[in-house]
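Residues per chain are reported as follows:
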Amino acid sequence: MRKRMAVAAASLAALVTTGLVTVASPAFAQKAGGTLHLAHRENPPSASIHEEATISVNQPFMAVFNNLVLFDPKEKVNSPDKIVPDLAESWAWDDTKTKLTFKLRSGVKWHDGQPFTSKDVKCTFDAVSGLDEKIDIMRKSPRRIWYTNLKSVTTNGDNEVTFTLGRPQPSFMSMLAAGYSPIYSCHVPGRDMRTKPIGTGPFKVTEFKRNEVIKLVKNPDYWKKGRPYLDAIEWKIVPNRSTRMLGFQTGQFDMTFDSDVSFPMLKDVMEQKKDAVCEARPTNVRSDILINRDAPPFDNPDVRRALVDTIDFKAFSDILSQGHNLEGAAMLPPPYGVWGMPKDQVALLPGHNPDVAKSRSEAQALMKKLGYGPDKPLKIKVATRNIAIYRDPAVILIDQLKQIYIEADLDPIDSSVWYNKIAKKDYQIGMNLTGGGVDDPDTFFYENFYSKSERNYTGYNNPEVDKLIDQQSAETDIDKRKKLVWDIEKKLAEDAARPNIGHNYDNTCWDPKLKGILLQVNSIYNGWRFEDVWLDK
Amino acid sequence: MGAYLIRRLLLMVLTLFGMSVLIFVMLRLVPGDIADILTNASGISDPAEKAKIAHELGIDQPILVQYGKWIGGLFRGDLGYAYVSEQPAIDEILPRIPISGKLAGMALFFAVLLGVPLGVISAVRQNTKLDYFLRVISLSGLSLPSFWLGLLVLMGSVHWFGTIPIYNSDPHGFFDDVAMLGLPAMVVGFRSSALIMRLTRSSMLEVLRQDYIRTARSKGASMIAVNFKHALRNALLPVVTVIGIEAAFLVGGLIVTETVFNIPGVARFLVEAILWRDYPIVQNLVMLIAFVVVMINFLVDMAYMALDPRIKFAD
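For the protein sequence lines, the chains are A and B, in the order given.
For what it's worth, our numbering labels the leading residue of the first sequence as 1, then goes sequentially.
For what it's worth, our numbering labels the leading residue of the second sequence as 538, then goes sequentially.
With the rest of the complex left out, here is chain A (with noise of 0.2 Å):
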């Protein structure tokens, strides 16, 4: 455990410094120019940012893109104390914390030299919160639930516009300045955001060829003078990750695909390449476990307060990362989150236990009681994805569960209908992954735990933590929202509503002549502009 602190506050430390020595150099003397060889995990669904929920999506494309407003490339924390400008040059909340209004930018172009106007921001908001239906610039929006409180987007000529919303909502530009929320055109239709994507980003996109290429090239009419410093981009979609690997390894690639270098590699890459620059953070992604609450066995609260006293957190860390995965409530817990509950106060939760022993005897009673035990065991089935990143947790889940008299088998699940079976109740037990676009409760709470929302797979509904969910959107007051941020996540825990076995932490590395690159330690999807990283060659 020791060892382990020792190796976050290191890490925190060097994130830390990293950020400040980058903040605070601004004589470094920036080279224009080269392309910049990136190689990618697989072929993305689509190059519309607005229509997908993956990482393989927002770090190519969203270089193509700017937002109204975005959270400072130049710190390592997102938080909303520290977000920047970027098509919006100033924004003003009405007195009733309702109206929130954007200067936007004048003579910035779309890659095609098309205008941009507050009306492609009104276009794109309307499409993103089925505001207007019609609009064709995209045919499905997996974070609709983010803007349900979004009212109205209404245009004051071409350099103003105004989000109107039901209620006060301090997040709400944390929403707009995620990864997630880049302004489209309304002038492209959906087919060609999600082939051939026009932006105002830096850099434009050339070619996407499925499972080949991805080719970005600088925007020569950038409305940030000077940037950006490459003169292009160019992602090799590389499915293997062995390949990926030894590209990298043998300078083929000058960076590895976001946290793609797990624990157990990051040895062998180092080795192999001794001036490799590896940083590890969180991703901001969780492994949990969804519990259908509404069949039997688990929907007796006692099974699945059973199931949560059997984590056992380390060994899933252990054997998962090396012991580096972080433990934590709902959301990511500090210093590297800016909501997660206190690790002090964490501990006191069900299934965090650092005894565990003393737990699973608890849990054992309680089987015991429903008349389960090591002759009569609860046969049940543990459903994943087949992917190796869901398996690996589920199988170690499975082990863990035998402690209790659960005898469970793995029932993978092909990935085109996973989220089906969810939605159907299809399942027991299933084990999943669940990113956060933002390091926020709004987003986070909304997206899985409210009781209205699509992506709530396991149907979880307790209206207290719905009308908490709600108070603390709308608290205004940091440190009072935390307060509620920290009751909701125990009022989860004590529900066992998508209990969480670990947040996941990983390594991603360059090659030493990669310069300006700065990773955000809670979010992966909202860092990847690109404009202010150069090649010194």
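Derived by calculation from the structure, the hints in this document are not laboratory data.
These numbers were taken from a predicted model, which means no experiment stands behind them.
Do not rely on the hints blindly, as some may be mistaken.
Said to hold, decoys possible - Within a straight-line C-alpha distance of at most 30 Å, the following computed DSS-like cross-link-like pairs (lysine-lysine) qualify:
no., chain 1, residue 1, chain 2, residue 2
1, A, Lys134, B, Lys589
2, B, Lys639, A, Lys209
3, B, Lys606, A, Lys209
4, B, Lys589, A, Lys424
5, A, Lys103, A, Lys151
6, A, Lys209, B, Lys589
7, B, Lys589, A, Lys119
8, B, Lys766, A, Lys215
9, A, Lys134, B, Lys639
10, B, Lys589, A, Lys452
11, A, Lys196, B, Lys766
12, B, Lys589, A, Lys151
Place chain B on chain A using the hints.
Below, chain B alone, put in the same frame as chain A:
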């Protein structure tokens, strides 16, 4: 001969029709479709969004209508639009065929180049140390999985040369092709060469025991003339059959090798299209493969006649 050819051609058409029905139906029996996958990829399972996508792509139409549209399109040279990339399927498939074609061609060339001579040598030197050595090599070729061999070759390449062959979509001529595809072709071809070698060896051993070989030797014909002119030609018939079958089965080996060496050929593309239930890509590609296999079989039959003038097909 003419009637035989017509019969074979009619059989080919019938086989291809059966294949088209089989491919079409089996693809739709697999659970999940592109609408499921597209919504699943975004982490949503809203039936309305799914229905909208299904309607947009035409997969909500009756299966017979879908089949009719596909076959009608095939006759017009219209392969439809890929579901994932939303580009014409033909534009997605065509550029990848030469890549896999070159890789398969090189692999087959390597397999024959290695397999046939080593098989002959192994047979001629039966039960010598050289024979045992070559048999071990051929056994290893059959037993080593190509993904493992591919990774081993890549690691060796990193260790000794400090680089790995990375596919470049714009090769400058034949030597560029060989530099990019040579190693992967050897990995794919190694397994086939092992099979060809073993078959050549056993076939040669059988022929070498024939009376006419003894006669040729007793007449003073040179060893090369006996082995390569008299024996090999007659031993090659089963080998040619296997080469034909191997050419068809090479696609399986290509999938793994294209993935490990990151070659954007049709084999890897096909696997991904299956995972995405990208029907227009899968249907057309599998049909193309079926066509190639049927053609290869036809050509192998024709090759029999060229190799053995005694074989005649009844009219």
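Hints, verified against the model:
A hinted pair counts as satisfied when its Cα atoms are at most 30 Å apart, and A:Lys134 with B:Lys589 qualifies at roughly 12 Å. Between B:Lys639 and A:Lys209 the alpha-carbon distance is near 20 Å, which keeps this suggested pair within the 30 Å criterion. For the hint pairing B:Lys606 with A:Lys209, the CA-to-CA distance comes to about 27 Å; that is within 30 Å, so the pair holds. Distance check on the hinted pair: B:Lys589 and A:Lys424 sit about 19 Å apart at the alpha-carbon level, within 30 Å; holds.
Between A:Lys103 and A:Lys151 the alpha-carbon distance is near 19 Å, which keeps this suggested pair within the 30 Å criterion. A hinted pair counts as satisfied when its Cα atoms are at most 30 Å apart, and A:Lys209 with B:Lys589 qualifies at roughly 26 Å. With a C-alpha separation of about 26 Å, the suggested pair B:Lys589 and A:Lys119 falls inside the 30 Å cut-off, and the hint holds. Taking the CA atoms of B:Lys766 and A:Lys215, the gap is about 55 Å. The hint is violated against a cut of 30 Å.
Taking the CA atoms of A:Lys134 and B:Lys639, the gap is about 47 Å. The hint is violated against a cut of 30 Å. With a C-alpha separation of about 21 Å, the suggested pairing of B:Lys589 with A:Lys452 holds against the 30 Å cut-off. Pair hint A:Lys196 plus B:Lys766 does not hold up; C-alpha atoms about 60 Å apart against a cutoff of 30 Å. Between B:Lys589 and A:Lys151, the direct Cα distance comes to roughly 24 Å. Compliance with the 30 Å bound is thereby established for this hinted pair.
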